[in-house]
Structure formats: C-alpha cells, structure tokens
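J.: If you want the building blocks of each chain, they are given just below.
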Amino acid sequence: MIQVQDLTKTYNGKVQAVKGVSFEVAPGEIFGFLGPNGAGKTTTVRILSGLMDPTSGTATVAGAPIPGDRQQLHRLIGVLFENSYLYETMTGKELLQFFGDLYRQPRKLVDELLELVEMTPKANELIKKYSKGMKQRIAFARALLPQPRVLFLDEPTSGLDPASAVRLREVVRETAAQGTTVFLTTHNMDEADDLCNRVAIINEGVIVAMDSPTALKESFSDRTIAIMMQDGTNNILTLNDPDLNQKMAALIGQGVVKINTVEPSLEDVFIRMTGRGLQ
Amino acid sequence: MRLSWRNVWIILWSDIKQSFRSKGLIFFLALPVALSLIMNLVNRQPSISSADVVILGENQGQFAQALEEIEIKGVSLFKVVEMSESEAMQQLERGKISAVIKIPEGTSAALLAGEQVQIDIATDESSPNTSVIIQSTLREMARNFSGIVEPMQLNVKPVRSINTSQAMLPTWVVMAIMSSLTLLPATIASERQLKTLDALLITPASFLDIVIGKAAYGVALSSFGSLVIMIVNGSMVGNLALAWLYILMGALMASFLGAFIGVAVKDLQAASAVSTVAYIFLLWGMWFAELPGVIGTISKYTPGYFIADGVRNALYTTAPFSEYIIGLLYIGAIIAVSLLLSIIALKRQEA
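Protein chains in written order, with the working numbering: chain Y, 1 to 279; chain E, 1 to 351.
It cannot be assumed that every hint is accurate.
[Said to hold, decoys possible] Listed next, the in silico DSS-like pairs over lysine-lysine satisfying Cα-Cα at most 25 Å (straight line):
1) Lys102/E x Lys108/Y
2) Lys157/E x Lys93/Y
3) Lys79/E x Lys102/E
4) Lys17/E x Lys135/Y
5) Lys195/E x Lys128/Y
6) Lys132/Y x Lys122/Y
7) Lys129/Y x Lys79/E
Read the hints as simulated data drawn from the structure, not as lab findings.
Make the full structure from the sequences, and use the hints.
T.: Listed below in structure tokens is the structure:
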C-alpha cells in the first residue's frame with residue numbers, strides 16, 4: 001500500500017532531513033514510524049501525504065505516485081495532525097460537513113463519523129468551546145472523511161484522557177481491520193507497542209531499525225531473569241550463563257519469592273538504537 | 001494546478017458563514033460605513049470655500065478680476081481658471097470647478113446702452129451657496145457697470161447636484177473595496193501559521209482552489225461593504241452598472257493583491273505589515289490628488305484615485321463610456337499582474 005524508495009529531502013540545499021529512506025507497508029497494516037524531534041519523521045509524513053515534494057527518490061501511496069498528482073493522492077488518504085488544526089468558529093458538525101463537501105462525501109457519513117467518535121451530543125457547539133480531547137476526536141473524524149485507503153496519524157492520542165485514548169485505539173484497530181493501512185507517528189512507545197504490526201525507528205534522517213515490536217524487543221533482549229529473595233534483594237541472571245543451573249539452585253535454597261523474565265521495552269530498543277530518548 | 005469552481009464555492013461559502021461569528025471582521029467591515037455616517041452628521045452645515053470658476057466670452061479679464069477681488073478674511077472666494085468650454089463643462093460635471101460663466105459678445109456695449117443682457121451660467125448645485133454668491137456677484141458687477149437696477153438675466157443651468165455625503169461616497173467605497181487587501185493576507189498567513197491551511201491542503205482542493213476561494217471571499221466582502229455604503233448614503237443613482245464595474249474590478253484587484261501577499265509572505269506579522277503598506281499606497285491617491293506639485297501628480301496615477309474617480313463619475317456625471325476606458329484598462333492590468341504574481345507564488349509554494 002505504501003512503497004518508499006530512496007527518499008531524500010534537503011532544505012535550502014543545506015539541511016538534509018531525510019537521507020535515502022526506503023520501506024514498504026502492506027494493506028491493512030498498522031505501521032509505526034518512531035523517532036525523536038528532528039529525526040525526519042514529520043518531513044517523511046509531509047512528503048507521503050503530498051504536502052511537500054521530495055528532493056529525490058520516489059514513493060507510491062495507495063497507488064498514487066509521489067511526486068505526482070496531489071489531488072488524486074488526497075482522495076485516497078486521511079491525515080490526523082498532532083495538533084487538531086480546526087476552524088474554531090465552526091461547530092464540529094459544520095467543520096465535518098465543510099470537509100465532507102470538499103471530499104464529495106454524503107452528509108450521512110458526517111453523522112456516522114460523529115457517532116463513531118462519540119461527538120454527536122456536542123456536534124452543534126462551536127469548536128472553540130471544545131476540550132483538547134474533543135478537538136482531537138473531531139480531527140480524527142475529519143481524517144476518516146475521505147474513507148481513506150491510507151490513514152496518517154500523528155500523535156493521535158496526545159492530550160486525550162485515558163478512556164478516550166483507549167476508545168480511539170479501538171477505532172484505529174477497527175479501521176485497519178477493514179483494510180485501511182495506518183501510518184502512525186508517535187512518541188508513545190506503549191501505544192506503538194500495543195497498536196503496530198511493525199515499527200520503523202528513524203534517527204537523523206535514516207531508518208535504523210524496522211521490524212515488529214516483538215521481534216525488535218527480542219533482538220535486543222539480554223535474555224535475563226530477575227529473582228526476588230525473601231530478604232527483598234534482587235538477583236539478575238542471564239540465561240546464556242553456563243553456571244545458570246548452579247546459581248539458580250543456590251538461590252532457591254535461600255528462599256525465592258518471585259522469578260520474572262526481564263524484557264526490554266520498545267523505548268529501551270529506541271535508546272539503544274539512537275543513543276537518546278524519545279522527546 | 002487545476003481549478004475546481006465547486007471547491008472555490010465551498011471555501012467561499014464556508015468563509016462567509018464564519019464571517020458572521022468574527023467580531024473583528026464585522027468591525028472591520030462596519031468601519032467605513034460608520035465613518036461615512038459620522039461624516040454625514042459632521043457635514044450637515046454647508047460651508048463656503050474657495051471655488052474655481054471658468055469665464056468664457058467677452059471681457060473675461062474684467063469679470064475675472066472682479067470675482068477674484070471678493071475676499072473673506074483675506075482669502076479670495078473665487079479663483080478664475082482658463083480652459084476651453086468643453087473641458088470646462090467636463091470639469092464642472094466632475095465637481096472639479098464650481099461654475100462656467102458664458103458672457104456673449106456685445107454684453108458690455110448692451111450694458112452701457114442701458115439694456116438688459118442675458119448670461120448663461122452653469123453651476124455646480126452641490127454647493128448651492130457658492131452658486132448663489134456667483135450669481136449675486138455678477139448682478140452687482142453689471143449693476144455697477146451699467147447703472148441700471150436689473151441689468152442682467154441669468155440663465156442658470158444646474159449641472160450636478162450632490163450633497164457632501166455623496167461627494168465623500170467614493171472615498172468610503174474605495175476603503176471598503178481595499179479592506180480585502182488587508183484582510184486576505186492576514187487570513188491566509190494565519191491559516192498557514194495555525195496549520196488549518198495544511199488541513200485544507202490534504203483535501204482534493206488545490207492551493208489554487210483555496211486562493212481563488214479566499215479571493216472570491218474578499219470580492220464578496222468588498223462588494224457587500226460597498227453596497228451597504230451606497231444604500232445608507234442614498235447614492236443608488238447615475239450609471240450604476242458602470243459604478244459596479246469599477247467596484248468589482250477594484251475588489252478583484254484588492255483581493256488578488258491580498259492573495260498574492262498572503263501566499264508570498266509567510267509570516268503573519270510580516271504579511272500584515274506588507275498589506276498595510278500596500279493599503280496606504282493604494283488609498284493615498286484619493287486623498288492627495290488635489291495637492292499641487294509632484295505628490296498631486298503621482299496621486300492621480302494610483303489605483304485608489306482611478307477607482308474613486310471612476311465611481312464618482314459613473315454615479316454623478318454623464319460622461320461617455322470612452323472616458324472610462326483608460327481607467328478600466330489600468331485597473332484590469334493591475335488585476336492581471338496580481339493574478340500572475342499569485343500564480344508564480346503558488347508554484348513556488350508547491351515546489
């Protein structure tokens with residue numbers, strides 16, 4: 001559904017934000033694109049959503065070539081920006097009707113989407129009176145208006161209360177289950193781990209790792225276990241240790257309370273790959 | 001860049017609906033209307049001021065001297081200017097001079113013989129006091145010259161009759177027209193800054209659709225403002241079709257220039273500053289065209305002057321269409337240049 005080949009972007013002939021990025025995303029896949037600020041992920045998303053041309057390289061999104069006919073591309077994709085970017089002097093319903101008209105969608109779809117994001121009761125209130133979470137839900141409904149084949153989501157749950165975030169993730173899963181490809185940009189590692197089939201980690205314009213969250217974590221696992229003793233101390237043992245059995249037996253004789261496997265989180269993977277945390 | 005008129009209409013209609021919720025915009029639109037109403041109140045008392053007069057025919061010099069000697073507080077009440085009859089009548093129609101006096105051959109001889117003479121006088125009835133003073137001054141001069149009580153029959157032809165508010169109307173109309181010049185750059189730049197422009201750009205609407213939609217919104221606002229000003233000032237008179245042609249062309253010019261500034265200047269504050277400078281440049285000709293010297297001459301070539309003059313002439317004179325062609329072509333050229341600049345800026349934007 002998304003094919004990217006040697007994509008580069010250089011600003012003003014000097015700053016190279018994206019340096020030969022290549023990847024593919026399958027139909028119905030939820031693909032996480034992770035990276036710290038300035039890593040090149042926003043630039044990549046702006047290129048793939050047709051808001052900017054690449055300096056070199058090519059891509060296709062839902063069959064639409066990039067660079068190419070932007071209007072053709074925009075009929076096939078939906079984009080949710082990190083900040084909702086809404087017209088505050090409109091009501092939620094008016095905003096969706098306005099964008100729905102631009103997408104040539106029937107008014108019935110607006111009502112359905114309002115229902116989906118649970119905004120029907122507030123649909124006729126001005127957006128400037130909405131909370132951040134409500135704005136984000138309206139923006140999410142707007143992203144679904146074109147009934148997109150590819151949905152770009154930039155920090156979709158940012159600012160949402162936990163219940164709304166859970167609901168929105170459910171909607172993302174349902175959307176993907178119906179065949180829509182989801183391209184998710186997020187700082188929330190738990191969210192990426194929970195939602196994504198695969199993730200790519202981009203740092204300084206280069207993809208440094210790309211795989212399923214499980215496989216990435218596995219590849220960075222030290223295969224360690226933590227053994228908690230009755231006196232409250234923790235003993236860490238690696239499974240590759242040739243003396244593992246003897247050490248285990250000795251500890252068990254001293255009174256073991258709990259044994260846990262120690263797995264790296266996706267954030268640990270990221271820090272190891274890039275040498276810095278996600279900001 | 002493909003243009004979809006349907007998208008243009010959707011964007012225009014949405015902006016119009018939102019306008020009614022913007023207090024700032026309503027104030028901006030209402031300002032020239034309010035100013036015109038305030039000026040109406042201020043100018044209720046007619047005033048007497050120095051007026052240009054043209055004298056044609058016999059003894060121009062003597063009459064001219066006598067008229068120019070009439071003073072109030074050391075200032076001549078009349079200034080006699082020289083021009084041909086046809087030019088004088090045109091200038092009178094346009095309110096540039098106050099009267100044209102035609103003194104037939106043999107007038108002096110007739111007066112000396114004690115005969116009553118007939119003099120044709122065309123006056124600007126927008127200033128009735130000035131007209132009356134000119135008539136009484138002529139009678140007094142003839143009386144002194146001939147020594148008879150009723151030496152003169154004046155055939156007065158009122159050429160135009162507009163009040164002060166109507167005379168000021170083109171100024172307010174041009175202010176309303178130019179409002180889109182400051183409004184559009186701010187709208188486009190703030191949409192860019194608030195990123196709502198990005199949300200529009202990921203729809204099937206092209207940047208050209210968006211800019212034309214915004215420009216159409218500017219034209220709609222300018223036209224609506226002009227219409228309100230004309231109605232409240234009682235100026236739905238004269239050649240309305242021609243006046244509206246000027247208003248629409250002026251609105252197009254201001255809107256395309258505004259759109260160009262909005263697209264080319266990305267920062268909101270910079271766009272506001274540039275549009276304010278452009279606004280002043282386009283308007284100043286209206287105010288300074290009557291000044292002597294270089295400033296007055298340059299002012300007469302500014303778009304604001306052309307539009308105000310065109311609207312004024314269309315509403316209050318019977319000048320033939322041929323006299324408007326240069327002004328319309330001039331404004332049309334600015335529209336074409338603004339459109340071209342907008343398209344170039346758009347192409348750079350999309351690159």
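J.: Decide, hint by hint, whether the structure agrees.
T.: Comparing the hints with the structure gives:
For a cut-off of 25 Å, the pair hint linking Lys102/E to Lys108/Y is broken: about 77 Å separates their Cα positions. A C-alpha spacing of about 63 Å is found between Lys157/E and Lys93/Y, which places the hinted pair above 25 Å, so the restraint is violated. Taking the CA atoms of Lys79/E and Lys102/E, the gap is about 16 Å. The hint holds against a cut of 25 Å. The straight-line distance between the Cα atoms of Lys17/E and Lys135/Y is roughly 20 Å, inside the 25 Å bound, and the hint therefore holds.
For a cut-off of 25 Å, the pair hint linking Lys195/E to Lys128/Y stands: about 16 Å separates their Cα positions. Restraint check: the Cα-Cα separation between Lys132/Y and Lys122/Y comes to about 13 Å, which is no more than 25 Å; the hinted pair holds. For the suggested pair Lys129/Y and Lys79/E, the alpha carbons sit about 65 Å apart, so the restraint of at most 25 Å is broken.
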